[in-house]
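Asks: What follows is each chain in one-letter form.
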Amino acid sequence: MRMWKTFSSLTIIIVLCAAAAQAQPRSNGFSVVLLVGDTQGTASGDGLPTAAGLRKALSDLKDFLPYKSYKVLDTAWLQGGETRMKGLEEQEYEVEVTNIDLIQPNIATRISGRLNIAFTLQEPGAAMNSSEEYGRLAQAASLEKERGQIQANLADLSAKYKEQHPAVVQLKARLAQVERSLRLARARKLIDSRFEMSPGETVVVGTSKLGGGDKALVVLLTAVAAGGK
Amino acid sequence: MSDLRQRLIEGDPLARESGLNALDAQRIRQRMLVEARTAPAGTVSWWSRPLMVAGALAACLLLAIGIGTRLNVNESRVAPPPAQSQTRRQLQFAAPGGTRIIWTFHQQLEL
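Residue numbers (our numbering), protein chains in the order written: chain X, 1 to 229; chain U, 1 to 111.
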């Protein structure tokens with residue numbers, strides 16, 4: 001009888017915990033704002049997000065990081081999953097936001113109401129792992145060598161023939177093809193992070209060159225709560 | 001010669017004694033059986049043989065681990081770590097205002 005009472009009590013507690021977890025405000029999607037931070041230029045608020053949460057995150061960022069100006073490159077709204085965003089000079093980025101709890105349910109984060117997030121930002125075609133990266137480096141070195149030879153040949157041919165000459169046109173096409181392959185071989189995974197966030201919270205995810213660099217890529221990631229907060 | 005032999009047989013005091021009676025013989029036999037059962041089983045005990053085998057196996061294992069470790073050290077000396085130029089470092093911290101910042105540093109990143 002006593003054992004039965006204990007078992008009933010435990011069942012009730014578990015059911016209440018589950019109900020409480022369900023009652024927590026869950027995310028309704030993610031707002032992704034891609035910015036470039038620059039040490040040059042003057043600080044101006046032109047084109048920057050106006051939402052209060054984003055403004056606060058940007059303000060905290062400006063106080064903390066050495067970049068003077070910030071410019072919005074692209075914005076996106078995601079339920080979760082992958083999208084492409086425009087970067088500097090026609091460079092595109094693949095951005096992926098995954099709520100890990102949907103794949104691997106975790107009772108701890110579920111009860112706390114926090115979201116377990118995996119965020120990646122990479123150039124299209126980036127290597128999946130370090131061994132593939134190593135192969136890409138070797139490929140890039142080979143393509144750079146080929147590009148140098150083509151450019152030298154093109155300079156010689158351009159001195160002899162006009163631009164419309166079939167040999168010049170063919171070599172230019174080959175150069176464009178090699179440069180495309182080179183861009184693909186050099187494609188990098190720039191950000192690959194896992195973190196927890198609360199619905200309604202804005203987390204800043206960024207990347208820059210080690211030891212400085214004039215520019216940085218900054219992402220303002222907001223988990224929008226189910227109520228639209 | 002045969003005379004001497006005859007004399008020795010005649011002089012043997014045990015030859016004239018009667019043998020053990022059945023009761024004494026039975027007692028002696030029982031005592032011997034009891035002693036045989038309770039006595040320790042010789043110099044090699046029942047547990048020492050498996051222990052010796054286990055010891056030999058452990059020694060072989062240690063030897064193999066030692067050789068393996070040395071081989072791995074040699075291999076790591078030959079092969080450099082891949083993709084060193086793509087090194088990333090990640091830092092998570094919070095700004096004074098409370099906003100959490102997750103920053104990735106790249107060794108080679110030109111935007």
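Derived by calculation from the structure, the hints in this document are not laboratory data.
Hints should not be assumed to be uniformly reliable.
Unchecked claim - Simulated crosslink set (DMTMM-like; lysine to aspartate or glutamate; CA at most 25 Å straight-line):
{"#": "1", "chain 1": "X", "residue 1": "Lys145", "chain 2": "U", "residue 2": "Glu110"}
{"#": "2", "chain 1": "X", "residue 1": "Lys71", "chain 2": "U", "residue 2": "Glu10"}
{"#": "3", "chain 1": "X", "residue 1": "Lys189", "chain 2": "X", "residue 2": "Asp156"}
{"#": "4", "chain 1": "X", "residue 1": "Lys209", "chain 2": "U", "residue 2": "Glu35"}
{"#": "5", "chain 1": "X", "residue 1": "Lys62", "chain 2": "U", "residue 2": "Glu17"}
{"#": "6", "chain 1": "X", "residue 1": "Lys68", "chain 2": "U", "residue 2": "Glu110"}
{"#": "7", "chain 1": "X", "residue 1": "Lys215", "chain 2": "U", "residue 2": "Glu110"}
{"#": "8", "chain 1": "X", "residue 1": "Lys56", "chain 2": "X", "residue 2": "Glu201"}
Stated by the list, open to error - Estimated spans, in silico, between C-beta atoms of each pair:
{"#": "9", "chain 1": "U", "residue 1": "Glu110", "chain 2": "X", "residue 2": "Lys68", "range": "37 to 45 Å"}
{"#": "10", "chain 1": "U", "residue 1": "Ile65", "chain 2": "X", "residue 2": "Ser59", "range": "55 to 63 Å"}
{"#": "11", "chain 1": "X", "residue 1": "Asn28", "chain 2": "U", "residue 2": "Gly97", "range": "19 to 27 Å"}
{"#": "12", "chain 1": "X", "residue 1": "Lys68", "chain 2": "U", "residue 2": "Ile65", "range": "19 to 27 Å"}
{"#": "13", "chain 1": "U", "residue 1": "Arg49", "chain 2": "X", "residue 2": "Gly135", "range": "50 to 58 Å"}
{"#": "14", "chain 1": "X", "residue 1": "Gln79", "chain 2": "U", "residue 2": "Ile65", "range": "48 to 56 Å"}
{"#": "15", "chain 1": "X", "residue 1": "Gly41", "chain 2": "U", "residue 2": "Phe93", "range": "20 to 28 Å"}
{"#": "16", "chain 1": "U", "residue 1": "Ala94", "chain 2": "X", "residue 2": "Trp77", "range": "21 to 29 Å"}
{"#": "17", "chain 1": "U", "residue 1": "Leu57", "chain 2": "X", "residue 2": "Arg183", "range": "18 to 26 Å"}
Backbone N, C-alpha and C fix where the C-beta goes; we use that ideal spot for every residue, glycine too.
Asks: Please go over all the hints and tell whether each is borne out by the structure.
Replies: Here is what the structure says about each hint:
Simply put, X:Lys145 and U:Glu110 have alpha-carbon atoms about 21 Å apart, close enough for the 25 Å limit, and the pair holds. At roughly 134 Å between alpha-carbon atoms, X:Lys71 and U:Glu10 are farther apart than 25 Å, so this suggested pair is violated. Between the alpha carbons of X:Lys189 and X:Asp156 the distance comes to roughly 38 Å, so the proposed pair goes past 25 Å and is violated. Between X:Lys209 and U:Glu35 the CA atoms are separated by roughly 88 Å; this puts the pair beyond 25 Å, and the hint is violated.
At most 25 Å may separate the alpha-carbon atoms for a hinted pair to count; X:Lys62 and U:Glu17 exceed this at roughly 123 Å. Of the supplied pair hints, the one linking X:Lys68 and U:Glu110 holds, its CA atoms being roughly 18 Å apart against a limit of 25 Å. This hinted pair checks out: X:Lys215 and U:Glu110 have alpha carbons roughly 8 Å apart, not beyond 25 Å. About 11 Å separates the Cα atoms of X:Lys56 and X:Glu201, which keeps this hinted pair within 25 Å; it holds.
Between U:Glu110 and X:Lys68 the C-beta distance comes to about 19 Å, which lies outside the given range of 37 to 45 Å. At roughly 57 Å, the beta carbons of U:Ile65 and X:Ser59 sit within the given window of 55 to 63 Å. For the hinted restraint 19 to 27 Å between X:Asn28 and U:Gly97, the CB-CB distance of approximately 25 Å keeps it satisfied. With their beta carbons about 57 Å apart, X:Lys68 and U:Ile65 fall outside the hinted range of 19 to 27 Å.
At about 55 Å, the CB distance of U:Arg49 to X:Gly135 agrees with the hint of 50 to 58 Å. About 52 Å separates the C-beta atoms of X:Gln79 and U:Ile65, a value consistent with the hinted range of 48 to 56 Å. Between X:Gly41 and U:Phe93 the CB atoms are about 25 Å apart, so this pair conforms to the stated range of 20 to 28 Å. Roughly 26 Å separates the CB atoms of U:Ala94 and X:Trp77, a value that falls within the hinted 21 to 29 Å.
Take U:Leu57 and X:Arg183: their Cβ atoms lie about 58 Å apart, and the range 18 to 26 Å is violated.
Figure legend: structure checked against the earlier numbered hints; hints not met, in rising order: 2, 3, 4, 5, 9, 12, 17.
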